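Generate the whole structure from the sequences, applying the supplied hints.
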Amino acid sequence: MANAMNSYKNAITKESIFTALMIIMEKKDFHKISVTEVTAKAGVSRMAFYRNYEVLEDVITDYLNDCFAEYEKAIERVGLYNSYEVVLLFFSTFKAEKTLLLNLIESKLTYLLLDKCNTFLEDICKTIVCDKSYSPEKEKYTIKFLTGGFFNILIEWIMNDFNESEEYMAELFYEYCK
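Under the UniProt record's numbering, residue 178 is the last one in the sequence shown; the count climbs by one each step, no gaps.
Fair warning: there could be bad hints in the mix.
Unchecked claim - Keeping only pairs whose Cα atoms sit at most 25 Å apart, straight-line, the calculated DSS-like set for lysine-lysine is:
#1 LYS116 / LYS126
#2 LYS144 / LYS126
#3 LYS73 / LYS116
#4 LYS41 / LYS27
#5 LYS28 / LYS41
#6 LYS32 / LYS98
#7 LYS126 / LYS73
#8 LYS144 / LYS108
#9 LYS73 / LYS9
#10 LYS116 / LYS98
#11 LYS32 / LYS108
#12 LYS95 / LYS28
#13 LYS116 / LYS140
#14 LYS41 / LYS108
#15 LYS108 / LYS95
#16 LYS138 / LYS116
#17 LYS95 / LYS27
#18 LYS116 / LYS144
#19 LYS28 / LYS108
#20 LYS138 / LYS126
#21 LYS95 / LYS73
#22 LYS41 / LYS98
#23 LYS108 / LYS27
#24 LYS126 / LYS95
#25 LYS9 / LYS41
Hints in this document: simulated from the structure, not taken from any laboratory. Please read all numbers here as calculations on a predicted model, not as lab measurements.
So, in structure tokens, the structure goes:
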């Protein structure tokens, strides 16, 4: 029971740190934000921060890991071979993270998202192209192309303030996956 309580408290601490960082990032350049500032806003100690993270970028990376984990759970519900739904879920998942994404763009930290896209989406893109009779070399480049496409279309969509629906974005990207 004590372990479950510690896990719960740690989750609350991490959520508080992330929320505080997002609030501060809306007003201040990321590279000028200190751990002390974030922990004061979050109402946690610096020790609590350093128990979970080494640097502020880790807060964002950790949260992105959670976003991709939620995306993965959603994919499991619809099935990986339903390409349109997989793409639609991608746009739906990240539309809900507007503040984070805008903060990443404004702070020139989109490379953190790109890194996660490259890591996570590679397997999804591999499944999308696996039924095509590509040579191993063409398959490798096609997977990189699709992974970069997911990332760049997402960034452009955010920059256009999500003017198009998730369904439109999924249909647009799905055309490349056929």
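Outcome of the hint check:
1. LYS116 / LYS126: holds (16 Å)
2. LYS144 / LYS126: Roughly 9 Å separates the two Cα atoms, so the pair holds.
3. LYS73 / LYS116: holds (16 Å)
4. LYS41 / LYS27: holds (13 Å)
5. LYS28 / LYS41: holds (13 Å)
6. LYS32 / LYS98: Distance ~22 Å between LYS32 and LYS98 Cα, so the pair holds.
7. LYS126 / LYS73: holds (18 Å)
8. LYS144 / LYS108: holds (22 Å)
9. LYS73 / LYS9: holds (24 Å)
10. LYS116 / LYS98: Roughly 17 Å separates the two Cα atoms, so the pair holds.
11. LYS32 / LYS108: holds (13 Å)
12. LYS95 / LYS28: Measuring from Cα to Cα gives roughly 23 Å; hence the hint holds.
13. LYS116 / LYS140: Holds: LYS116 and LYS140 sit about 18 Å apart, inside 25 Å.
14. LYS41 / LYS108: holds (23 Å)
15. LYS108 / LYS95: holds (19 Å)
16. LYS138 / LYS116: The given pair, whose Cα atoms are some 23 Å apart, holds under the 25 Å limit.
17. LYS95 / LYS27: Measuring from Cα to Cα gives roughly 21 Å; hence the hint holds.
18. LYS116 / LYS144: holds (13 Å)
19. LYS28 / LYS108: holds (13 Å)
20. LYS138 / LYS126: This hinted pair holds, its Cα atoms lying about 11 Å apart.
21. LYS95 / LYS73: Since the Cα atoms of LYS95 and LYS73 sit roughly 17 Å apart, the hinted pair holds (cutoff 25 Å).
22. LYS41 / LYS98: Holds: LYS41 and LYS98 sit about 21 Å apart, inside 25 Å.
23. LYS108 / LYS27: holds (15 Å)
24. LYS126 / LYS95: Holds, because 24 Å separates the two Cα atoms, which is no more than 25 Å.
25. LYS9 / LYS41: holds (17 Å)
Of the numbered hints given earlier, the model fails none.
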